[in-house]
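A.B. asks: Each chain, written out:
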Amino acid sequence: MKPVDFDYVKPSDLNEVLQTLNLLKDKAKILSGGQSLLPVLNMRLARPEVVVDINEVKELNHLVVENDYIKMGAGVRHSFAEQSAIMKDYLPLLAKCIPYIGHSQIRNRGTVIGSIVHADPSAEIPLVALILDGHLELVSEEDKRTVPLSEFFYGYMMTDLQPEEMVTSLNIPVRSIPVGGSRGTSFIEMARREGDFALVAAAAQLEIDKEGFIYDVRIGLGGVGPAPIRLEEVENFLQQKEPTEDLFIEASQLIKNYLEVDEDPFVPKEYREHVAFRFVQRVLSEALADAKTSYERMS
Amino acid sequence: MSNHKVQIEVNGKNIEAEVSGRTHLADFLRNNLNLTGTHIGCEHGVCGCCTVLMDEEPIRSCIILAVQADGHKIKTVEGMSEINQETGKRELSNIQKAFWEGHGLQCGFCTPGMLLTTEALLAENPDPTDQEIREALSGNICRCTGYLQIVEAVKLAAKMNKNSTLVYLPEEV
Numbered sequence: 001m002k003p004v005d006f007d008y009v010k011p012s013d014l015n016e017v018l019q020t021l022n023l024l025k026d027k028a029k030i031l032s033g034g035q036s037l038l039p040v041l042n043m044r045l046a047r048p049e050v051v052v053d054i055n056e057v058k059e060l061n062h063l064v065v066e067n068d069y070i071k072m073g074a075g076v077r078h079s080f081a082e083q084s085a086i087m088k089d090y091l092p093l094l095a096k097c098i099p100y101i102g103h104s105q106i107r108n109r110g111t112v113i114g115s116i117v118h119a120d121p122s123a124e125i126p127l128v129a130l131i132l133d134g135h136l137e138l139v140s141e142e143d144k145r146t147v148p149l150s151e152f153f154y155g156y157m158m159t160d161l162q163p164e165e166m167v168t169s170l171n172i173p174v175r176s177i178p179v180g181g182s183r184g185t186s187f188i189e190m191a192r193r194e195g196d197f198a199l200v201a202a203a204a205q206l207e208i209d210k211e212g213f214i215y216d217v218r219i220g221l222g223g224v225g226p227a228p229i230r231l232e233e234v235e236n237f238l239q240q241k242e243p244t245e246d247l248f249i250e251a252s253q254l255i256k257n258y259l260e261v262d263e264d265p266f267v268p269k270e271y272r273e274h275v276a277f278r279f280v281q282r283v284l285s286e287a288l289a290d291a292k293t294s295y296e297r298m299s
Numbered sequence: 001m002s003n004h005k006v007q008i009e010v011n012g013k014n015i016e017a018e019v020s021g022r023t024h025l026a027d028f029l030r031n032n033l034n035l036t037g038t039h040i041g042c043e044h045g046v047c048g049c050c051t052v053l054m055d056e057e058p059i060r061s062c063i064i065l066a067v068q069a070d071g072h073k074i075k076t077v078e079g080m081s082e083i084n085q086e087t088g089k090r091e092l093s094n095i096q097k098a099f100w101e102g103h104g105l106q107c108g109f110c111t112p113g114m115l116l117t118t119e120a121l122l123a124e125n126p127d128p129t130d131q132e133i134r135e136a137l138s139g140n141i142c143r144c145t146g147y148l149q150i151v152e153a154v155k156l157a158a159k160m161n162k163n164s165t166l167v168y169l170p171e172e173v
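Chains A and B, in that order, are what the protein sequence lines are. Read in order, the letters of the first sequence are residues 1 to 299 in my numbering. Read in order, the letters of the second sequence are residues 1 to 173 in my numbering.
Think of the hints as simulated: they come from the structure by calculation, not from any bench. Note that the Cβ used here is the ideal one computed from N, Cα and C, for glycine as well. Among the clues, some could well be false.
Pairs of lysine-lysine, DSBU-like flavour, derived with a Cα cap of 30 Å [as the list claims (entries may be wrong)]: (1) 155(B) / 58(A); (2) 292(A) / 269(A); (3) 73(B) / 29(A); (4) 155(B) / 29(A); (5) 58(A) / 75(B); (6) 2(A) / 5(B).
Cβ pair distances, simulated, as ranges [stated by the list, open to error]: (7) 143(B) / 44(A): 23 to 31 Å; (8) 163(A) / 143(B): 37 to 45 Å; (9) 12(A) / 143(B): 41 to 49 Å; (10) 250(A) / 55(B): 48 to 56 Å.
Hey, can you work out the whole structure from these sequences and the hints?
C.D. replies: This is the structure we're talking about:
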């Protein structure tokens, strides 16, 4: 349970990181929070020749509102994001999911972007960033591109990230609450023990207009496939309707048509499906309740 | 392959050492500094036994490289005891006394991690509820106690921190 021998480098600027990646490609691994990489190294599931520590690259520590986007650098740790006022004001859903990530010891080190590039299908951040229309800035020595989360995940721990690239920023658009209306969010998760990987996770954000109809809805599930999924059929079905419990039950039926849950030696497929189905309904009603509370708080 | 000079403040003492890149902090503390109070259980960040404080925050020392602690402050269970101002003698901290008094351990393997997680919890929240204690300790697995006495010990420690006359002193150690 010790990592294989590797060279450790700690560049202090981004160019140096990118040069190293371009030179070494697959042989290098980026180390930021290390809460997924170190276990993988300890178990020797990864055997990089060089570990590139980016903790000294200060330009990656930003968490700012800029041009209607919340921008988070690769150095932003879960615990920092959790306590940030920007997060609570602009991205309450992301703030809500963070306490579900591992334990305090993990959140003190682990990073938001690290969770995305690790791409565990049951992870919280990828699910929430996906349904909030987040996109990633991918940078290499020669190129720079932007990839929406909806196109980033290929499957179980597989992403569009190329060996010479790194993710420098996660950008999530700021949405204003409809005039005279309100917004509610909810995140729920089922795990065997607190802090364990989720068997099923669900996230929803609901915006209600001043007439009380659904103005915008985003909902997604994690843990039920090789990557987090956004339930677009459910979203389309709910659009412009009056939110009621019966409507949410009806909406949750829709996922039966296309949910493809993987077999798992520990959890029966039927169980995961059942939880997913119940969670769709529950996460919507909790988001609605939250919208009502925040409406009352404002008026 | 690569060796690195590091400067780490461990339990208030400035340590200069050379470590290989692959050495994780728990191994460094145990093997290089002989601080074997930090226990290694699962060695992949699940059990919490290796919890230490880095700059006052609890972290898992088995999933951070020793070289990453360069320039930081580390506190292990060995650094918890305090000098009693009146007697001048070194004594267990309130948290340690409370775990002793409240039987917050059986085999003791998870205890160093429990103690340090508790220290960070009480520093942030001096009067936690049962639920908050359980949440804070959820990253530390204990296979003996069933956690009841651990939660009681944390509550006792909180009480002792607030009321200095409430002192449970173990017999001479």
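A.B. asks: Give a verdict on every hint.
C.D. replies: Right, here's what the structure says about each hint:
Taking the CA atoms of residue 155(B) and residue 58(A), the gap is about 40 Å. The hint is violated against a cut of 30 Å. Taking the CA atoms of residue 292(A) and residue 269(A), the gap is about 35 Å. The hint is violated against a cut of 30 Å. Note on residue 73(B) and residue 29(A): the hinted pairing holds, with a Cα-Cα distance of about 26 Å set against a maximum of 30 Å. At most 30 Å may separate the alpha-carbon atoms for a hinted pair to count; residue 155(B) and residue 29(A) exceed this at roughly 43 Å.
For a cut-off of 30 Å, the pair hint linking residue 58(A) to residue 75(B) stands: about 25 Å separates their Cα positions. Distance check on the hinted pair: residue 2(A) and residue 5(B) sit about 20 Å apart at the alpha-carbon level, within 30 Å; holds. Here the CB-CB span from residue 143(B) to residue 44(A) is close to 26 Å, well matched to the stated 23 to 31 Å. The hinted window of 37 to 45 Å between residue 163(A) and residue 143(B) holds, with their beta carbons roughly 41 Å apart.
Take residue 12(A) and residue 143(B): their Cβ atoms lie about 43 Å apart, and the range 41 to 49 Å holds. Separation of residue 250(A) from residue 55(B) is about 51 Å and conforms to the stated range, judged on CB atoms against 48 to 56 Å.
In this structure, the hints that do not hold are numbers 1, 2, 4, in rising order.
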